[in-house]
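Take a look at the letters that make up each chain.
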Amino acid sequence: MRIFLATTLLFALLLSACSSEPNARPDVLRLVAHESFAEATTAETFQAFTAETGIEVEVLAAGDAGSMVTSAVLTSGNPIADVMYGVDDTFLSRAIDGDIFATHTSRLIDKVPPGLKLAPEDLVTPISFGDVCLNYDKAWFDSTQLHIPTRLDDLRAGVYADALVVEHPATSSPGLAFMLATIEEYGEDGWLDYWQDLKSAGVKVSPDWNTAYYNDFARYGGDRSIVVSYASSPPAEVIFADEPLEIAPTGVIEAGCYRQVEFAGVLRGTDYPEAAGELVDYLLSVEFQETIPLNWFVFPANMDASLPPEFVEHTVIPESPAQMEPSRIAANRERWIQQWVAVMEG
Amino acid sequence: MLEIRNLSVTLGGSKILNDISLRVEDGEILGVLGPSGSGKSTLLRTIAGIVEPETGLVAWDGIDLTDTPTHLRRFGLMFQGYALFPHLSVGENVGFGVSVAEKESVGEALHWVGLDGFEERSIEDLSGGEKQRVALARTLAPRPRLVMLDEPLGALDRNLRERLIVDTRALLQERGSTSIVVTHDREEADALCDRLALMRDGTIIQTGRLDELLEKPAEAWVSEFLG
Amino acid sequence: MSRIRWGWVLVGAIPAVFLGYFFVYPLIRILGLGLSELNIGATGLQARLIKVGWFTLWQATLSTVLTFIAAAPLTWAVGKYQFKGRSLALSLVTVPFVLPTVVVGTAFVALGWRDSLGAILAAHVFFNVAVVVRTVSTQWRRLNPDLLHAAETLGATPGQVLRRVTLPLLRPSLAAAASIVFLFTFTSFGVVLILGGFDYATLEVEIYRQAIVLFDLPLAASLAVVQLVGVTGALYFYSRYQERHSASWELNPGQTPPTPRGRTKIGVYAAVILTLGALAVPIVVLVARSMGSYQNLFTDSLLVGNPLDAIRNSLTFAVMATLIALTMGLLAATYVSNREGGLSRWFDTALMLPLGTSAVAVGFGFVIALGWPVDLRASIILVPVAHALVAIPFVVRIVLPTMRSIDPDLRSAASTLGARPFRVWRRIDLPLVGRAALVAAGFSMVISLGEFGATAFIARPNTATIPTLIFRLLSRPGSGSFGMAMALSVILAILAGAIILGIDRFRAGEVGSF
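Chains as they are written, first to last, in the working numbering: chain A, 1 to 346; chain B, 347 to 573; chain C, 574 to 1087.
Don't read these hints as lab results, they were simulated from the structure. Note that the Cβ used here is the ideal one computed from N, Cα and C, for glycine as well. Mixed in with the good hints there might be a few duds.
[Claimed, not checked] Computed beta-carbon distance windows for the label pairs:
{"no.": "1", "chain 1": "C", "residue 1": "VAL638", "chain 2": "A", "residue 2": "GLN145", "range": "50 to 56 Å"}
{"no.": "2", "chain 1": "C", "residue 1": "ILE642", "chain 2": "B", "residue 2": "GLU450", "range": "43 to 49 Å"}
{"no.": "3", "chain 1": "C", "residue 1": "LEU583", "chain 2": "B", "residue 2": "ASP372", "range": "45 to 51 Å"}
{"no.": "4", "chain 1": "B", "residue 1": "GLY427", "chain 2": "C", "residue 2": "LEU684", "range": "51 to 57 Å"}
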């Protein structure tokens, strides 16, 4: 019986897979995104798009951003979806070199500040950005009477470095971003010395953001009062607090921030390039952009979109965060990580 | 009529049956008699199609069944350890080989072996003699064209054996079943069977009625064994 | 003269085709792609392979040994004796098995165990005690107690009975449990990542780093091959060993295991309480941290994905995965236990491979290989299929010792009574392995419920399961999020415990008669 059940299922899939006509307007578009985007989508996320175009959107989750790009490169030209969302600047070069995108220029591209346009506009469209920043536990700074660091150099001092936890750049996206920020700050000649100083002064390395934030950070009972997190973490602390909070229990240090930009693009090989382009444009529309902060805790790329009050009140958007050419990241990432590992684990 | 021609079987590298030829006439009860390890059980298993012969053939009424799978041969086999299904009741065991339409034959078969009303009993609750009779009933219930019994009374005590020998013979004769009975016991063979085949080391040494074998033994071993 | 038995070909072919299409073919495609660009002479490559490979091997061996030591008392208690609370103890011991790695990591870190080999080993023991206890005690219960009584009448002390009779008879399940625990720890990913700091990397961790972070597919592929070779070697050894030592002994003819008395009783309860108590420590931490968050879970308007939907999705996938795994696993075990020779042995080994294969490799294999003949790459079916791939080895390992212990005469008897091979399987094999099959079903469901790592690589419609919702909660800041993640983890643990308990109950009523 079970065999028949399984076979029946497979045949049902087979039939449903064969029923769509090429080049017609699709009933459903597929959007592949990294896990953290996909997990936060609901029936409402694309309701407006469906109402406008009559096209449903099916969201596919494909692991983290790195896994998603790797599998897209492996299936270049024969994509599993029509649109991809969530390639960040650290993986952008790999995606573009892998020739996974079809050309499409968003009609809203002029609404995006030039600082976010790190790649050819006709291939990928910036949708959101997030700043990886050092966060601090306000209670600790209150009790120790220490002043809040204003420069990366301040952290070389034992009292701060010993209170700092960072994520490993090889397994964590904010960890990589913070490492890139130090490279931007100190250059190829100086950044490893900086890390050597942090190491000597007692910095702690965690494998991923969850562990660093929920286990090592003093806010959650850990022994570290400064953590590499996001500029959006303090407002999230307010929004997701157990008990309602007036002010955020954590704050953002403006020095050493790194801006991650997330892009969307039409995947080369889609049967519906035109409709896929419309979906990319929808992602950049004010309507969608204003839902971004509270769902994904990043900032909208469209300058016309307004921010929810918590994001205005409890955080700052750093004035001049570090940023790096995607091609430079791609060319040097492996070497940098190996050098970093040699210093930190040697 | 069962016919076996030049049957040889090798298992795990050693020759168990060596060039065996036999005939069993319709309605005849053939006893296969020999010391343990002589290949008697393997012979039954080969006839049943459980063991695959290396060479030779097994035929019924002139039709070669060597490549016919066990379940299509309609040869019944009562196993030495009975091989009763522990998870099924007595009635379910006996009815296993019987089609749904012929379910009344379960009661009938149990009646033959004197176990009326045992249908719901669990196999574990049976005594040794009752197990033997359930196994016999299960073998006979589907009315196989050949009945094979492997040491049918082997493990039972003497009193029970004597009674069951009589019962079993009566049952086989009454039903006119063509049968093969394997045993290592001369008296049992003599009492149950029309004709005997003597086996040693995988070969048939001699066939005939007991008195014939005693009168004209093919070799000294025969009279020694039957001694 | 030898005739081909088409029925057997079919029995073997169905699971073989399933495994071939969903496992071997994707794996060959991805490894071929990676290895075609491999430069063997690259600097430091061999040294890196040896270093990582060696650590992977010895920590897995040590973890397996420690797991057996930790599991021994409870296995003895629930395997040998019948006592009040036995099935509850069996269910509870299975709970750690489903907890997401990240949650257990959090609990261990909260206990202060971190950045050390000790933490890795402790977590491995925590996760795998259930494998040993359940696999071995199931077979222990099926031993014919008369064999042990016979040894006693021959003057053997209890220790001698254990060493000279019980343990040798339990070898198939001991080997099965050892091979599963070894494979789990050999391919350990999350535990090592979170608790090991960076002095320790297993092959699986290194494959992830190379493939995802550094995009060095050739190196990742060669690491995956090293892992596969190690796993295959270990498995081949185990399956040979198992075959050589598996005898057809009589099934337990229905005797109830003894109820412990006096000092034995104290020992049995001490084993139960101490083992469960030790396993409970990390769980107690979780429960403590989850307090006060349960209400939020169902009222929080910002929580994307309704927990009830996630629970329903998880259960649906678990049922589908279990059906697939049982079908394929039972067919495969039937084939392996009935057929002899090299082909059967290799098949037996191959069935275990999904357990020991890099999830990264299989995940990428799926996206490049399963576009043909039908594009399944984004199909929802891949989720239960991936779960089933992990569960099939369990089904086979749990069911095979029992199948091999079935007197082959029972099958022959059924054939002589005119039963076709399928009917023999359905009426004889299936009911006799029913108990073991239910245990296997329980394991399959629990595996599917807790599975997160492998499915993270499968592109799939966004259907939240409990582990993905936990992950989602853990990836946003806020005390509420953290509490809800812990609360949902506790719910997952309770759900798994309830399923196992239900199956243990059901099995006692349904097929407990032999």
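Structure-based check of all given hints:
{"no.": "1", "hint": "C:VAL638 - A:GLN145: 50 to 56 Å", "verdict": "52 Å, holds"}
{"no.": "2", "hint": "C:ILE642 - B:GLU450: 43 to 49 Å", "verdict": "60 Å, violated"}
{"no.": "3", "hint": "C:LEU583 - B:ASP372: 45 to 51 Å", "verdict": "37 Å, violated"}
{"no.": "4", "hint": "B:GLY427 - C:LEU684: 51 to 57 Å", "verdict": "56 Å, holds"}
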